[in-house]
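Participant: So the chains spell out like this:
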Amino acid sequence: MWLMICSAHDASALWAFHGLRARGLHPFELVTDEMLTTRARWEHTVGVDGANFNVTLADGRIIDNRYVNGVVNRLTHVPLQHLAGTPDFEYAQQEYTALFMSWLKTLPAPIFNGVHSQGLSGAWRHVSEWVWMAAQSGLPTATYSQSSHDNIDETKHLRRIVPDGTPTTMAIVLGDYVFGPTLPPHIADACKALARLARTRLLGIELTVSQSHRLWTFAGATPMPDLRLGGESLLNELARQLYVNRRRSNS
Amino acid sequence: MILLCGIPTETPMALVSDALTSNGRRYVVLNQRKFASMKMSLDINGGKTTGRLQLNGDSYSVDEFTGVFTRLMDYHHLPELKDAPADSPELKFCSNLFETLTRWAEISPARVVNRVAPMGSNFSKPYQAQLIKRFGFEVPETLITNDPELVRAFRARHGRVIYKSISGVRSIVQTLTDDDMSRIDNIRWCPTQFQAFVEGTNVRVHTVGEKVFATAISTDATDYRYAHRQSGDHAELRPAELADDLAEMCVKLSAGLGLAFAGIDLKITPENYVYCFEVNPSPAFSYYESQTGQPISRAVADYLSGN
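Residue numbers (my numbering), protein chains in the order written: chain A, 1 to 251; chain B, 1 to 307.
Calculated directly from the structure, the hints in this document are not laboratory data.
Check the hints yourself; a few may be wrong.
As the list claims (entries may be wrong) - Now the stretches of chain B that chain A is said to cover, found in silico as 3 or more residues with beta-carbon under 8 Å: (1) 39-45; (2) 82-95; (3) 125-131; (4) 159-168; (5) 177-191; (6) 201-213.
Claimed, not checked - Not the full set, but computed from the structure, chain B residues with beta-carbon under 10 Å of chain A: (7) N31; (8) R71; (9) T102; (10) W104.
Said to hold, decoys possible - Calculated lysine to any residue pairs in the SDA-like style (CA-CA distance at most 25 Å, straight line): (11) K252(B) with L183(A); (12) K164(B) with A40(A); (13) K82(B) with E64(B); (14) K156(A) with K267(B); (15) K39(B) with H186(A); (16) K164(B) with N52(A); (17) K48(B) with Q94(A); (18) K48(B) with A40(A); (19) K48(B) with S147(A); (20) K92(B) with A40(A); (21) K133(B) with Q94(A); (22) K48(B) with L158(A); (23) K48(B) with N52(A).
Yeah, the Cβ is synthetic: ideal placement off N, Cα and C, and Gly gets one too.
Can you make the complete structure from the sequences, with help from the hints?
Facilitator: Next comes the structure, spelled out in C-alpha cells:
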C-alpha cells in the first residue's frame with residue numbers, strides 16, 4: 001500500500017492524494033493526523049528484528065510499515081484536541097510527538113519527506129540556516145540580518161527574509177527535477193543542490209525575481225510546499241518515484 | 001577565544017571554565033542571567049557569517065570565537081524573568097538575544113559543544129534507538145502501545161520489564177510490577193513505552209571528539225540515577241576500560257549523531273553483548289567526574305581549544 005499522511009485540512013495534500021490515486025497507486029490510503037490519535041490502537045516495536053509499527057484506526061483499517069510501498073508525509077504536529085484540558089496534557093503532547101518521530105522513522109523509502117530530528121516531515125530549519133545553505137548551494141541570496149534588538153517575537157511569527165507582501169514564486173524540487181516556474185539552468189541546478197545539501201527529497205524553494213533584470217534571489221525554503229504549485233507534471237513524477245517499490249503487498 | 005554560555009555557577013560550566021583557566025586558554029563567559037546587559041547581531045552574506053556580541057562591557061566579533069560551549073537553560077525559568085508577563089519587553093529581548101546566539105552557533109565554523117539540531121534525536125528515545133542500532137549496538141526489545149493485552153503478552157514473554165517515558169520528559173526508569181499491571185488500562189489514553197530488562201553492568205561513556213571516558217556503575221536500582229530513592233543505596237561509580245573496538249563504536253556513534261560531546265548509556269551483559277539505551281547530548285558529566293576523577297572537563301576544554 002501507499003500512504004498519504006496529512007492533516008484533514010491540508011488542501012494541497014488532498015489534491016495530491018486524489019491525483020496520485022488516479023495515476024494507479026492502489027491501495028493508496030489517506031491517513032489523517034486526527035485518525036492516528038483518536039481511538040487508534042498502537043503497536044510499535046524496536047529491537048533485534050528492527051523497528052515496526054502496526055496501528056489499527058478507528059475505521060478498522062490497519063497500517064503496518066511492512067506492507068508500505070511509499071509515503072507522502074506531511075505531518076507537522078500531533079493533534080490532541082481530544083485531550084485538551086486533561087491534567088497531563090503537556091506530557092501527553094511530548095509523548096505522542098516522540099512516538100510519532102519514532103514510528104515515522106520505520107516507514108520505508110520512498111518517502112516524501114521522511115521524519116527528521118527537526119521535524120515530523122523533514123527538517124524545519126530556521127530561515128538563517130536556509131539562507132546560509134542556499135548560498136553554499138549557489139543560489140543568489142540577499143544579506144540576512146538578525147539581532148537581539150529586532151522587533152519580532154519568533155515564538156509567534158516566523159522570521160522571513162523578504163518583507164511580508166513581497167511577490168515570490170515557489171519552485172519545487174523532487175529528486176533531480178524542478179517544478180513550478182521556468183528557471184534559468186544555473187538557478188535550477190542550485191535549487192537541486194540545496195535540496196541535496198538539505199537531504200530533503202521534496203523541497204519547496206521560494207524565490208523573488210526582479211522583472212527588469214530577471215535576477216532570481218532565494219527567499220525561503222520549506223519541506224512542505226503547496227504541491228499544487230508543481231501541477232500535474234509534479235504529480236506524474238511523484239507517482240513514478242512512489243511506484244518504485246510496488247512489490248510489497250499485504251495480501 | 002572560547003565562549004562559554006550558561007550559568008557560571010552550574011557545576012559542568014564551572015568545571016570547563018576551571019579547566020580552560022588551568023590550560024591558560026582565553027575565554028569569556030556569557031552569564032545567561034545578565035542577558036539585559038548584552039547585545040548580539042548576526043549577518044549572513046554570501047554564506048559567510050559575521051556579527052558582534054557585546055557582553056561584560058566588551059564587544060567581540062563572532063569570528064573571534066573558535067570554540068563555543070553551551071549549556072543554556074530555558075530563559076523562561078531565569079529568576080530575572082520568572083514573573084515577567086508573556087508580552088514583556090524583557091522577555092522579547094531575551095528571546096531575540098538567545099535566538100540570535102543559537103542561530104549563529106548552528107552555522108558558525110567554530111567548534112560548538114553541542115549544536116541544537118543534532119540534539120533533537122534525544123527527544124524521542126525509540127527514534128534515537130533506531131539510529132543507534134545502525135552503529136552496531138544492541139537495543140533492548142521495546143514495545144510502545146496503548147493496548148493492555150499487548151503489555152501482558154510482552155511481560156509474559158520477557159519476564160522482568162521496565163517502563164519509561166518515550167520522550168525526555170519524566171524520564172525515570174521503573175520496573176513494571178503487579179501493582180502497575182492492576183492499573184494498566186490507564187495506558188489506553190496515551191501510548192507508553194515498555195522494555196525487556198537487560199541484565200548486566202551499566203556503563204556511562206562520555207565521548208569528547210575522539211576521546212572516550214567510560215564509567216562503570218554498580219547498583220541494584222532499576223535507574224542508577226535514582227539509586228538512593230529506588231534501592232536505598234547510592235550507586236558506586238568507577239573508571240572502566242573499554243575494548244578498542246567498543247570505544248571506536250562510541251566515537252562513531254556520537255559523530256554520526258553530530259555530537260561533539262555526548263554521554264552514552266550502555267549496559268554490557270555477562271555474555272558481552274553491548275546494549276545502548278540512550279545518547280545524551282547535554283550530559284551532566286560533573287557527577288561522573290566528581291566520583292571517579294576522570295578528566296572529562298579537561299577533555300572538553302581541550303576540544304574547544306582545537307586539540
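Participant: Now tell me, hint by hint, if it's right for this structure.
Facilitator: Quick rundown of the hints versus the structure:
1. 39-45: holds (count 7)
2. 82-95: Coverage by chain A holds here, the residue count being 3 at a Cβ distance below 8 Å.
3. 125-131: Held - the stretch 125-131 of chain B has 5 residues with a Cβ nearer than 8 Å to chain A, which meets the minimum of three.
4. 159-168: Per the Cβ count (4), the hint holds.
5. 177-191: holds (count 3)
6. 201-213: Result for this restraint: violated, n = 0.
7. N31: violated, 15 Å
8. R71: violated, 19 Å
9. T102: holds, 8 Å
10. W104: holds, 8 Å
11. K252(B) with L183(A): Violated, at roughly 41 Å.
12. K164(B) with A40(A): Holds: K164(B) and A40(A) sit about 21 Å apart, inside 25 Å.
13. K82(B) with E64(B): Distance of about 33 Å is beyond 25 Å: violated.
14. K156(A) with K267(B): Judged against 25 Å, a Cα distance of about 43 Å means the pair is violated.
15. K39(B) with H186(A): violated, 39 Å
16. K164(B) with N52(A): Status holds; Cα separation ~19 Å.
17. K48(B) with Q94(A): Roughly 36 Å separates the two Cα atoms, so the pair is violated.
18. K48(B) with A40(A): Between K48(B) and A40(A) the Cα gap is close to 48 Å, so the pair fails against 25 Å, i.e. violated.
19. K48(B) with S147(A): Roughly 16 Å between the alpha carbons, so the hint for K48(B) and S147(A) holds.
20. K92(B) with A40(A): Violated, because 40 Å separates the two Cα atoms, which is more than 25 Å.
21. K133(B) with Q94(A): holds, 23 Å
22. K48(B) with L158(A): holds, 23 Å
23. K48(B) with N52(A): violated, 43 Å
In summary, the structure is inconsistent with hints 6, 7, 8, 11, 13, 14, 15, 17, 18, 20 and 23 from the numbered list given earlier, while agreeing with the others.
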